Amino acid sequence: MKNQSTLAVLAFLLGWLTACKTDTISPAPVPTPSSPTASAKTPVNPSPSPITPSISKLKAVDWSQLKQWEQDTFLPAWSAFLQSCNALRNQPLWRESCNQANAIKQPNENTIRHFFKHHFIPHQVFNLDGSDEGLITGYYEPLLRGSRTPNHQYRYPLYAPPDELLIIDLGDVYPELKNLQLRGRLEGRKVVPYYSRAEIENNLPALKGRELLWVDDQVELFFLQIQGSGRIVLENGEILRVGYAEQNGHPYQSIGRLLVERGELPLERASMQGIKYWGQQNPDKLTELLHQNSRFIFFRELPDNLPGPVGALGVPLTAGRSLAIDPRAVPQGAPVLLSTTWPNTNQPLNRLMVAQDTGSAIKGGVRADFFWGYGQEAANQAGKMKQKGKMWVLLPKNYASHLQAKK
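Mind the numbering: the sequence shown is residues -21 to -1, 1 to 386 in mature numbering (1 follows the signal peptide of the UniProt record, and there is no 0), read in order.
No lab work stands behind these hints, which were simulated from the structure alone.
Each statement offered as a hint is correct.
For lysine-lysine, the following DSS-like pairs were computed, each having C-alpha atoms within a straight-line distance of at most 30 Å:
(1) 46 to 369
(2) 46 to 84
(3) 96 to 376
(4) 46 to 96
(5) 169 to 187
All values derive from a computational prediction rather than experimental measurement.
Starting from the given sequences, assemble the full structure and let the hints guide the process.
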């Protein structure tokens, strides 16, 4: 039974930390795989099943049940998996499979399929209510126009994290609150929530001097914060890459949902493209709308030689093969068989992906964000993707025994 101090913290969290919900992909230091507890039910194959993480159930299945992936090629996901191994290969759970993967010098479709079938067991992901279907959305790496110095055209700043922003990891004191963090600032001797988007964008003095760049489009900057990373082309043609550094800890509010509730947009047009068009038609209402989402993202400049934006696992993402998941449901770095449909169609999209990113809006068992990459086509696909889907996570054969050993 939890002690009274823990209950007090939980009560406090209910009042303040709705803040774990956002649409932003939020890179962080390389995490260890989540630590779900194994179920006491009888296993249905060599891996004890179902495994029950904190917010989902993982049920082991046989490879023969996964007929829909016979048409997919696993080779494009191979380099993404090797990127995961760069972050995970020293962890006991992943050491053997990553060493075996790196030993394959000339991979082809047959060797890769044999590798996964030999070293991994597929587990279907279920929500805690027993359902096996969830929402699959998309994100991308946008391109904005910007400048190192502000002027009448470039007047919307990207900020680096402020020195006064406090990050309090509750798991250091209460293990049951692992992965739960508070963001705030000091006001005298009290820790209070950090400033909201509206307060920050009204020329907050605390952020003076923390500007990284200035861009020319308020809406594009808003969606850059939602995507979590992007590129900025400067006036001289130089292209910079920026990525998530921190956030202000406020809850995310969907402005698309707000526009639907207010009768400004029909539901079928509440996509990224539809919201941008509404903003162009209603410039006098735009700032008030954006301020309804109190969540604000701070950025850092990234090296320009990376093959892709850096995800939460700490490795570059791979277009069409990297997936943002809830790490409480699916271990970071794990291969994931995704069964969904192409955006706005019924055309099947069955693909081997790799869980390399997270997002505070990505909450639940069967819930994922598909990384489409960089460019206009990626933006088009990501902006309209809101599909139903199912997921199977590939776990090393030693996964269940590893969890039992940690108990």
